[in-house]
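If you want the building blocks of each chain, they are given just below.
2 protein chains.
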Amino acid sequence: MVNYPNGKKMTSHTSVTSFGGRGMALEEDINLTNTYYLDMDRAVIHKKPTPVTIVKVDYPRRSAAKITEAYFKLPSTTDYNGIYRNKYIDFEAKECASSTSFPLKSIHEHQIRHLDSVLRHGAIAFVIVRFTKLNRTFFVPAEVMIPYIQALDRRSIPYEWFEANGYEIAYNYVKPVDYLRIVDQLYFQENK
Amino acid sequence: MVNYPNGKKMTSHTSVTSFGGRGMALEEDINLTNTYYLDMDRAVIHKKPTPVTIVKVDYPRRSAAKITEAYFKLPSTTDYNGIYRNKYIDFEAKECASSTSFPLKSIHEHQIRHLDSVLRHGAIAFVIVRFTKLNRTFFVPAEVMIPYIQALDRRSIPYEWFEANGYEIAYNYVKPVDYLRIVDQLYFQENK
Chain A
-9 MVNYPNGKKM
1 TSHTSVTSFG
11 GRGMALEEDI
21 NLTNTYYLDM
31 DRAVIHKKPT
41 PVTIVKVDYP
51 RRSAAKITEA
61 YFKLPSTTDY
71 NGIYRNKYID
81 FEAKECASST
91 SFPLKSIHEH
101 QIRHLDSVLR
111 HGAIAFVIVR
121 FTKLNRTFFV
131 PAEVMIPYIQ
141 ALDRRSIPYE
151 WFEANGYEIA
161 YNYVKPVDYL
171 RIVDQLYFQE
181 NK
Chain B
-9 MVNYPNGKKM
1 TSHTSVTSFG
11 GRGMALEEDI
21 NLTNTYYLDM
31 DRAVIHKKPT
41 PVTIVKVDYP
51 RRSAAKITEA
61 YFKLPSTTDY
71 NGIYRNKYID
81 FEAKECASST
91 SFPLKSIHEH
101 QIRHLDSVLR
111 HGAIAFVIVR
121 FTKLNRTFFV
131 PAEVMIPYIQ
141 ALDRRSIPYE
151 WFEANGYEIA
161 YNYVKPVDYL
171 RIVDQLYFQE
181 NK
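Going down the list, the protein sequences come from chains A and B. For the first sequence, this note's numbering begins at -9 and goes up steadily by one. For the second sequence, this note's numbering begins at -9 and goes up steadily by one.
Hints in this document: simulated from the structure, not taken from any laboratory. Possibly wrong hints are sitting among the right ones.
One copy or any two copies: either way a pair holds, since identical chains are not told apart in the list.
[Stated by the list, open to error] BS3-like cross-link-like pairs, simulated, lysine-lysine; straight-line CA separation at most 27 Å:
no. : residue 1 : residue 2
1   : K56       : K123
2   : K84       : K123
3   : K37       : K84
4   : K95       : K84
5   : K84       : K46
6   : K84       : K56
7   : K46       : K123
8   : K95       : K56
9   : K37       : K123
10  : K123      : K95
11  : K95       : K63
12  : K63       : K37
13  : K46       : K63
Note that the structure is predicted; figures quoted are calculated from it, not measured.
Generate the whole structure from the sequences, applying the supplied hints.
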């Protein structure tokens, strides 16, 4: 909830990654995992930079340009994409504070449209949702989640739905969110 | 940077896209082209946001969070990626002010490594270079450019090399940089 207008007064943060939005711990876990994949040359998947609208920049003499006024912008795509085993990979990751349901407002409508669009062009697309209090992280294929959301007449997805339709991502020390293991199983017909 | 007659430093810009670095006109042309591809549902290819390191954010009551201190960061990947005809697409675009050669420092070494890496994983990867004074825009496949750069014992690529090894992208009003036409020819064996 850090980056949108909510009337809350807060003036500084120590960690840069926290600005991107909610779900900082999950984001860090995924970044670690992506770095591991990259180091092992298994996949090339990156988080996109947080989109900002830059309004003012100062150019102090002899030092780096300093942005002095900028605003967070709604992302028009998902946060993560890249390539794995010749396939285009695209996903969004969200933490969820509730233990009973995942509020749909966590994922913007244009992100759903984006996932739907890349799917049609041949992507492997999915959403990673972590229920922070339960410490459970689920992989949900976009082709499963999108039709469900479109037919939904409520504003949240019950936790049980993730248990029934998602694939739990087991924690692993070196790759905290080893989602490619699920990708291998689902899209490359591999066991383990 | 430009100072106003009153000695004040110029601190604001009207266009957001100009902050990403050089090559604004080319960037706008590519963005227009990508929007066209997206509208036609031909491909889903986006420019990544300009990476910035955010240092300070203010949260004024009842209004949007305001970033008051941030710095431009070197990108760790290329600027553009997405999906087209089931393939992962990845490219960098650069304007070149010289009419005789393209300085290698325009492309960061980690961007070359990134292109090399996605190529090995099955991407269609390339560089778009526009010689602004000549108003000519070339598509150069990464698999052609990378070995050439690695063997090069100078710090720039002569213009003639682009004429001999690149594919000129003809200007088109609705898709100013219609690079997918070249992609079709080179990677999908199609004539036009």
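Comparing the hints with the structure gives:
1. For the homomeric pair K56 and K123, neither the shortest alpha-carbon distance inside one copy (39 Å) nor that between copies (30 Å) is at most 27 Å.
2. Proximity of K84 to K123 under the C-alpha cut-off of 27 Å is restricted to the intra-copy arrangement: shortest distance 13 Å within a copy versus 46 Å between copies.
3. When the C-alpha separation of K37 and K84 is checked against a cutoff of 27 Å, the pair qualifies both within a copy, at 13 Å, and between copies, at 22 Å.
4. Proximity of K95 and K84 under a CA criterion of 27 Å is satisfied intra-copy only: 11 Å inside one chain copy versus 38 Å between copies.
5. Taking the closest pair of Cα atoms, K84 and K46 come within 27 Å of each other only across two copies (24 Å); inside a single copy the shortest separation is 31 Å, beyond that limit.
6. Proximity of K84 and K56 under a CA criterion of 27 Å is satisfied inter-copy only: 23 Å between copies versus 31 Å inside one chain copy.
7. In this assembly of identical chains, K46 and K123 lie within 27 Å of each other by CA distance neither inside one copy nor across copies; the values are 40 Å within and 29 Å between.
8. Taking the shortest Cα distances, K95 and K56 sit within 27 Å of each other only across copies (22 Å), while inside one copy they are farther apart (33 Å).
9. Within a single copy, K37 and K123 get their C-alpha atoms as close as 24 Å, which meets the 27 Å cut-off; across copies the closest is 35 Å, which misses it.
10. When the C-alpha separation of K123 and K95 is checked against a cutoff of 27 Å, the pair qualifies only within one copy, where the shortest distance is 19 Å, while the shortest distance between copies is 48 Å.
11. Taking identical chains as interchangeable, the C-alpha atoms of K95 and K63 lie at most 27 Å apart only when both belong to the same chain, with a minimum of 16 Å there against 30 Å between chains.
12. For a Cα distance limit of 27 Å, the shortest separation of K63 from K37 qualifies both inside one copy, at 16 Å, and across copies, at 14 Å.
13. For the homomeric pair K46 and K63, the shortest alpha-carbon distances inside one copy (15 Å) and between copies (16 Å) are both at most 27 Å.
Of the hints listed earlier, those the structure fails to meet are numbers 1 and 7, in rising order.
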